[in-house]
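Student: Chain by chain, the residues run as shown.
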Amino acid sequence: MHKPHRGTIYVEDAKVLAHEAFAGEQYIMRVQAPRCAEKAQPGSFAHLQCDPMLPMRRPLSIMRTDPRAGWVEFLYKAVGEGTRLLSRRKLGETISVMGPIGKPFQPHGDRPLTLLLGGGVGIPPMVFLASSLRSNPVYQPLVIMGSEVPFPFKPRPSEILVPGMPEGVIATMPLLEDWGVACRLTSGAGFPGCHEGYVTDLARLWLDTLSEEKRRQVEIFACGPHPMLAACARLAEQYRIPCQVSLEEFMACAVGGCAGCVVEVKTDQGPAMKRVCVDGPVFDAKTVF
Amino acid sequence: MTAEHSRRDPLAIDFCGMDFATPLVLLSGCVGFGEEYTRVAGFSNRDVGAVCLKGTTGQARLGNLPHRVYETPMGMLNAIGLQNPGVDKVVDEILPTLDFDETRFIANVSGSTIEEYIAVTRRFDDSPVDAIEINISCPNVKEGGVAFGNDPDMSARVVAACRQVTQKPLITKLSPNQTDIAENARRCIEAGTDAFAVINTLMGMAIDAESREAVIGNNQGGLSGPAIKPIALLKVHQVYQVARPHGVPIIGQGGVTSPSDALEFLIAGASAVGVGTALFYDPLICKKINQGIRDYLDRHGLASVGQLTGSLTLNTPRACG
Numbered sequence: 000m001h002k003p004h005r006g007t008i009y010v011e012d013a014k015v016l017a018h019e020a021f022a023g024e025q026y027i028m029r030v031q032a033p034r035c036a037e038k039a040q041p042g043s044f045a046h047l048q049c050d051p052m053l054p055m056r057r058p059l060s061i062m063r064t065d066p067r068a069g070w071v072e073f074l075y076k077a078v079g080e081g082t083r084l085l086s087r088r089k090l091g092e093t094i095s096v097m098g099p100i101g102k103p104f105q106p107h108g109d110r111p112l113t114l115l116l117g118g119g120v121g122i123p124p125m126v127f128l129a130s131s132l133r134s135n136p137v138y139q140p141l142v143i144m145g146s147e148v149p150f151p152f153k154p155r156p157s158e159i160l161v162p163g164m165p166e167g168v169i170a171t172m173p174l175l176e177d178w179g180v181a182c183r184l185t186s187g188a189g190f191p192g193c194h195e196g197y198v199t200d201l202a203r204l205w206l207d208t209l210s211e212e213k214r215r216q217v218e219i220f221a222c223g224p225h226p227m228l229a230a231c232a233r234l235a236e237q238y239r240i241p242c243q244v245s246l247e248e249f250m251a252c253a254v255g256g257c258a259g260c261v262v263e264v265k266t267d268q269g270p271a272m273k274r275v276c277v278d279g280p281v282f283d284a285k286t287v288f
Numbered sequence: 000m001t002a003e004h005s006r007r008d009p010l011a012i013d014f015c016g017m018d019f020a021t022p023l024v025l026l027s028g029c030v031g032f033g034e035e036y037t038r039v040a041g042f043s044n045r046d047v048g049a050v051c052l053k054g055t056t057g058q059a060r061l062g063n064l065p066h067r068v069y070e071t072p073m074g075m076l077n078a079i080g081l082q083n084p085g086v087d088k089v090v091d092e093i094l095p096t097l098d099f100d101e102t103r104f105i106a107n108v109s110g111s112t113i114e115e116y117i118a119v120t121r122r123f124d125d126s127p128v129d130a131i132e133i134n135i136s137c138p139n140v141k142e143g144g145v146a147f148g149n150d151p152d153m154s155a156r157v158v159a160a161c162r163q164v165t166q167k168p169l170i171t172k173l174s175p176n177q178t179d180i181a182e183n184a185r186r187c188i189e190a191g192t193d194a195f196a197v198i199n200t201l202m203g204m205a206i207d208a209e210s211r212e213a214v215i216g217n218n219q220g221g222l223s224g225p226a227i228k229p230i231a232l233l234k235v236h237q238v239y240q241v242a243r244p245h246g247v248p249i250i251g252q253g254g255v256t257s258p259s260d261a262l263e264f265l266i267a268g269a270s271a272v273g274v275g276t277a278l279f280y281d282p283l284i285c286k287k288i289n290q291g292i293r294d295y296l297d298r299h300g301l302a303s304v305g306q307l308t309g310s311l312t313l314n315t316p317r318a319c320g
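These protein sequences, in sequence, are chains A and B.
0 is the number of the first residue of the first sequence in numbering that gives the first Met the number 0; add one for each residue after it.
0 is the number of the first residue of the second sequence in numbering that gives the first Met the number 0; add one for each residue after it.
Some hints could be false.
[As the list claims (entries may be wrong)] What the simulated footprint calls covered on chain B by chain A, stretch by stretch (three residues with Cβ under 8 Å from a Cβ of chain A suffice, anywhere in the stretch; the number is not a length):
1. 34-42
2. 54-67
3. 75-83
4. 299-311
[Stated by the list, open to error] A few chain B positions that, by computed beta-carbon distances, are all more than 12 Å from chain A:
5. D13
6. S126
7. R156
8. N314
[Unchecked claim] Label pairs and their calculated CB-CB ranges:
9. B:D18 - A:R239: 36 to 44 Å
10. B:D179 - A:P51: 54 to 62 Å
11. B:T112 - A:R214: 40 to 48 Å
12. B:E101 - A:V78: 53 to 61 Å
13. A:A20 - B:P127: 24 to 32 Å
14. A:R214 - B:G85: 52 to 60 Å
15. A:V78 - B:Q219: 23 to 31 Å
16. A:V148 - B:D91: 49 to 57 Å
17. A:K89 - B:L233: 50 to 58 Å
In case anyone wonders, no lab produced these hints; they're calculated from the structure.
No residue lacks a Cβ here, since even glycine has one placed at the ideal position from N, Cα and C.
Hey, can you work out the whole structure from these sequences and the hints?
Tutor: Quick look at the structure:
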């Protein structure tokens, strides 16, 4: 009996290679996990044991990988006991990393104008997706990131022209700029070069400058807090644009065994409870909002 | 020792006529319908004696609203609410995808009424499952479940009704949320159970002080993990006193995360040992527990893990002074 799902998630004792703190209790952590790095795709997450004293794992979405060097990078915010303990893990220490897990984003080639919306700790999968899209000449990604606390990187003025952006909205993530990926930032906190408002506000301004024909080439990918994703879903519906969202929920097993991390999803057969871990974390926005 | 005995793997046991490769049993509700954990490289259903499938009811159930799981000190709360696709779909679509060469698969039956328990048990009786576990101890549903399991009369009625419709080994999963688990066990033996699973989760609650809200969508949930192990050990010990004279074996379960934990349950009176929450900590834990038991048997010069069952030496309690 052929069972393609078998043996697709790896448990690795991953050494912490880098662990940097940013404002607002945000952290970027790089760990050596070669099998996870090799197989991860944009949208994948890993299930990490934050501390031996807190044995339940925590799911973190993957921001970057280097399959050749064998590392995986996460951006997370210390919001509870688990992530707070994780933030204290030091270079050289070992963390049990289980991954990659979940259904990845699936960009459709007939919609090359990919609009990536990341809010707060929803930024990491957008960075991963951007890194994948940039290597395919079909796609012209535009990334819009929002944060109410200082971004976990030093924004800099972009030299990549994005038609339709309001004047003065020039700040970008240096990593994406170096990759040649167009990116703009938004915040309600008045950070220089950022659009004052939510990611969906800036996305709407940009969409309004597109012709009807161009809009038919747009596909939205989003990750962030629930209200932001709901706003993304509304935006997508209004402009009749397909939208994939990455969700999160408290999680126990992360392999589909416990049905602990479900979300309610609309299906042709009526409502269904789908597992964020293996049925997601990426869902079609119109099925969840 | 006979030649046959000496060839036998020291970890293998006979449980109600079933050959278990090891005394470990993966617990219902933790491993979906048997295939989910095989996603993890290095995990194998062959590492355990049996896999208990997700609780199954007559009709499909959506289960409870989120949040369904939450970590607590040395444990976790869950309130899944018996989400399952209904027994017909389980038997017709899921069981045919399982590899019965790998391990023994045990169905887990639940319901809101005795009639539902009977209907689901009957359907599983006409299926390839190796045994049927009656879940009269689910704390997370409004009807049935623990409402039956905490009442010895109702427990016995459910067991007797299921006994009527199956010849497969019948395992009754007992609730720790009751006054006298031993009395309940005695009644279930009279009603025809072949074995026990001891214990299901303990009812508990988590509160977010900042928002003053209950964390779990169902408000209350079942507590599992190392926090409940001492309670589970005592319950196994108590049920063993009642079950031993009748030759009714026990799957001891509740907070097993190490070889030592598993050995303690065997010594307390269990013939097999359930592993659930520990899988969430370490999906490859069963290999490690098996090896630890093997090492222990070697160290203590025991030929079979079965020799440990009920080998507990009790103290003679007396008041000091």
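Student: Work down the list of hints and note, for each, if the structure agrees.
Tutor: Okay, the hints, checked on the actual structure:
With 8 residues having a beta carbon nearer than 8 Å to a beta carbon of chain A, the region 34-42 of chain B meets the requirement of three or more and the stated coverage holds. Closer than 8 Å: that is the beta-carbon criterion, and the region 54-67 of chain B has 6 residues meeting it against chain A, so the requirement of 3 holds. With a threshold of 8 Å between beta carbons, the proposed coverage of the region 75-83 of chain B by chain A holds, since 4 of its residues qualify and at least three are required. Coverage of the region 299-311 of chain B by chain A is violated in this model, with 0 residues showing a Cβ closer than 8 Å to a Cβ of that chain against a need of three.
For D13 (chain B), the non-interface assignment is confirmed: its Cβ lies about 27 Å from the closest Cβ of chain A, beyond the 12 Å cut-off. No Cβ of chain A approaches the Cβ of S126 (chain B) within 12 Å, the least distance being about 18 Å, so the stated non-interface status holds. No beta-carbon of chain A comes within 12 Å of the beta-carbon of R156 (chain B); the shortest separation is about 29 Å. Non-interface call for N314 (chain B) relative to chain A: holds, since the shortest CB-CB distance, roughly 31 Å, exceeds 12 Å.
A C-beta distance of roughly 59 Å is found between D18 (chain B) and R239 (chain A), which places it outside the suggested range of 36 to 44 Å. Checking the proposed 54 to 62 Å range against D179 (chain B) and P51 (chain A) shows it is violated: the Cβ atoms sit about 38 Å from each other. Range check, T112 (chain B) to R214 (chain A): Cβ separation about 54 Å, and the 40 to 48 Å hint is violated. Taking 53 to 61 Å as the suggested C-beta distance range, the pair E101 (chain B) and V78 (chain A) does not conform, at roughly 40 Å.
At roughly 55 Å, the beta carbons of A20 (chain A) and P127 (chain B) sit outside the given window of 24 to 32 Å. Against the hinted window of 52 to 60 Å, the Cβ-Cβ separation of R214 (chain A) and G85 (chain B) comes to about 43 Å, which falls outside the hint. About 24 Å separates the C-beta atoms of V78 (chain A) and Q219 (chain B), a value consistent with the hinted range of 23 to 31 Å. Separated by about 52 Å at the C-beta atoms, V148 (chain A) and D91 (chain B) satisfy the suggested range of 49 to 57 Å.
As the Cβ distance of K89 (chain A) to L233 (chain B) is approximately 40 Å, the hint placing it in 50 to 58 Å is violated.
Violated hints, listed in ascending order, are 4, 9, 10, 11, 12, 13, 14 and 17; each of the other numbered hints is respected by the structure.
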